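Quick note, the sequences are listed as chains H and Z, same order. Quick note: the first sequence, position 11, residue 10 per numbering that gives the first Met the number 0, numbers continuous. Quick note: the second sequence, position 130, residue 129 per numbering that gives the first Met the number 0, numbers continuous.
To be clear, the hints were calculated from the coordinates, so they are not data collected in a lab. Check the hints yourself; a few may be wrong.
Chain copies aren't distinguished; within one or between two, either way the pair holds.
Said to hold, decoys possible - Mimicking DSSO-like on lysine-lysine, the simulated pairs with C-alpha atoms at most 30 angstroms apart in a straight line are:
(1) 86 <-> 196
(2) 196 <-> 103
(3) 151 <-> 103
Only a predicted model underlies this, so the values are computations on that prediction, with no experimental measurement involved.
Chain by chain, the residues run as shown.
2 protein chains.
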Amino acid sequence: MRNRTRIILASASPRRRELLAQIGLDFEVRVSDVEEKVSATLPWQVVEELSVQKAEAVLAAVQDGEEDMLVIGADTVVALEGRILGKPHSPREAEEMLRELSGKTHEVYTGVTLLYRPGREVSRDGAGTSCGGQCPAGLRQDRSGRGAERHKTFHERTGVAFCPLTEEEIAFYVATGDCMDKAGAYGIQGLFARYVKGIEGDYNNVVGLPVGRLYQEAKEWII
Amino acid sequence: MRNRTRIILASASPRRRELLAQIGLDFEVRVSDVEEKVSATLPWQVVEELSVQKAEAVLAAVQDGEEDMLVIGADTVVALEGRILGKPHSPREAEEMLRELSGKTHEVYTGVTLLYRPGREVSRDGAGTSCGGQCPAGLRQDRSGRGAERHKTFHERTGVAFCPLTEEEIAFYVATGDCMDKAGAYGIQGLFARYVKGIEGDYNNVVGLPVGRLYQEAKEWII
Numbered sequence: 000m001r002n003r004t005r006i007i008l009a010s011a012s013p014r015r016r017e018l019l020a021q022i023g024l025d026f027e028v029r030v031s032d033v034e035e036k037v038s039a040t041l042p043w044q045v046v047e048e049l050s051v052q053k054a055e056a057v058l059a060a061v062q063d064g065e066e067d068m069l070v071i072g073a074d075t076v077v078a079l080e081g082r083i084l085g086k087p088h089s090p091r092e093a094e095e096m097l098r099e100l101s102g103k104t105h106e107v108y109t110g111v112t113l114l115y116r117p118g119r120e121v122s123r124d125g126a127g128t129s130c131g132g133q134c135p136a137g138l139r140q141d142r143s144g145r146g147a148e149r150h151k152t153f154h155e156r157t158g159v160a161f162c163p164l165t166e167e168e169i170a171f172y173v174a175t176g177d178c179m180d181k182a183g184a185y186g187i188q189g190l191f192a193r194y195v196k197g198i199e200g201d202y203n204n205v206v207g208l209p210v211g212r213l214y215q216e217a218k219e220w221i222i
Numbered sequence: 000m001r002n003r004t005r006i007i008l009a010s011a012s013p014r015r016r017e018l019l020a021q022i023g024l025d026f027e028v029r030v031s032d033v034e035e036k037v038s039a040t041l042p043w044q045v046v047e048e049l050s051v052q053k054a055e056a057v058l059a060a061v062q063d064g065e066e067d068m069l070v071i072g073a074d075t076v077v078a079l080e081g082r083i084l085g086k087p088h089s090p091r092e093a094e095e096m097l098r099e100l101s102g103k104t105h106e107v108y109t110g111v112t113l114l115y116r117p118g119r120e121v122s123r124d125g126a127g128t129s130c131g132g133q134c135p136a137g138l139r140q141d142r143s144g145r146g147a148e149r150h151k152t153f154h155e156r157t158g159v160a161f162c163p164l165t166e167e168e169i170a171f172y173v174a175t176g177d178c179m180d181k182a183g184a185y186g187i188q189g190l191f192a193r194y195v196k197g198i199e200g201d202y203n204n205v206v207g208l209p210v211g212r213l214y215q216e217a218k219e220w221i222i
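One chain only, chain H, in its complex shape (with noise of 0.2 angstroms):
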């Protein structure tokens, strides 16, 4: 059951790269440096949008070739009531994000763009796109008589449910610095652990990256 399909995680995040090892897949990671615009406004669909335009420029900067290719984009945000919280700018900024959070039920939104086209010689499949004329900009179909590209896009919702957080455990998980790089400034796979009371949904999906979804969409594809 090795995947049969060259993937590719279009992602410089460290965490998807292990989730995506977590479970059993062969990858390499592209990573492009496309100029992230936001369209929307919704968390989730924020989330997708970037997530397309991720998995779409990874995409158009690989050769085509006789392999069947799987790009993956995805991009996460956390929610507070519908407000998004981004990664922090700055130790304070962390420590106003933490304090907003504490005690409270936050959402998380992973979006995941799969972007599937299938080799030069080996097409299986010469089938239309599956998106219904709704494909995303910049998505080519049918090129060249090959089996036509095709594409999911979806996301995953996580709730976050928090201890509450005193000043002191505030100051100290901040000071650990594992707050920098993350958005809503906490890391659920780290120390931060001890002040989460539960979740309600996928936790990968917190981490950066719904695995479970995520191999039950590709698996049609890869294996």
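We have chain H already, so just place chain Z on it with the hints.
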């Protein structure tokens, strides 16, 4: 915020060790060869009872010292519709368990017992135990004029929803061997994550130790 209390984890599980280290506590591991006797039948009662036995056996074997000491015992079971699933004894039994869990939501229970003994010289609190006369057998009180031992026992319950598993997926996973030393025949923190839809509760409770609740319950004694 390093712990001032000597912490002893009364468990041989490498996963529990990793979780306790993850939340930044200093601890040592001591394992007793206590014979586990279960009188209870409900899953949460069983894990609480076993966690008490494990913690007490280790505390009894540790010499009194000048330091404050906290012993942590824990036990985890998987339950499907109220019926406990233990660790599989064979690949065939693992397959059967996974077939039963496929496409359903089951519960994971971890019972935790915290036994706290203030050091001989530095007892800050001579009050009686907090268990109101219901201390598990073996807990000694106010011996030799020291501060009394205190304990807490609790459990956490997490719901885990599996995707439907094909026979091929079950055979593939069982062949990895990852199922053999785990209650319910799966490890959520490994490759099996690809088959998990979502959870409700503490993720680390499924791995084997609810470190969020544990930290909140223990912090008055360790920080």
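Checklist entry - Should residue 196 paired with residue 103 be assigned to within, between, both, or neither, using CA atoms and 30 angstroms as the limit? => result both (10 angstroms within a copy, 24 angstroms between copies)
Item to check | Intra/inter-copy verdict for residue 151 and residue 103 if alpha-carbon distance must be at most 30 angstroms | outcome: Only across copies: residue 151 and residue 103 sit 25 angstroms apart there, 33 angstroms inside one copy, limit 30 angstroms.
Checklist entry - Is the C-alpha distance from residue 86 to residue 196 at most 30 angstroms within one copy, between copies, in both cases, or in neither? => result both (22 angstroms within a copy, 27 angstroms between copies)
Hint check: no violations occur; every hint is consistent with the structure.
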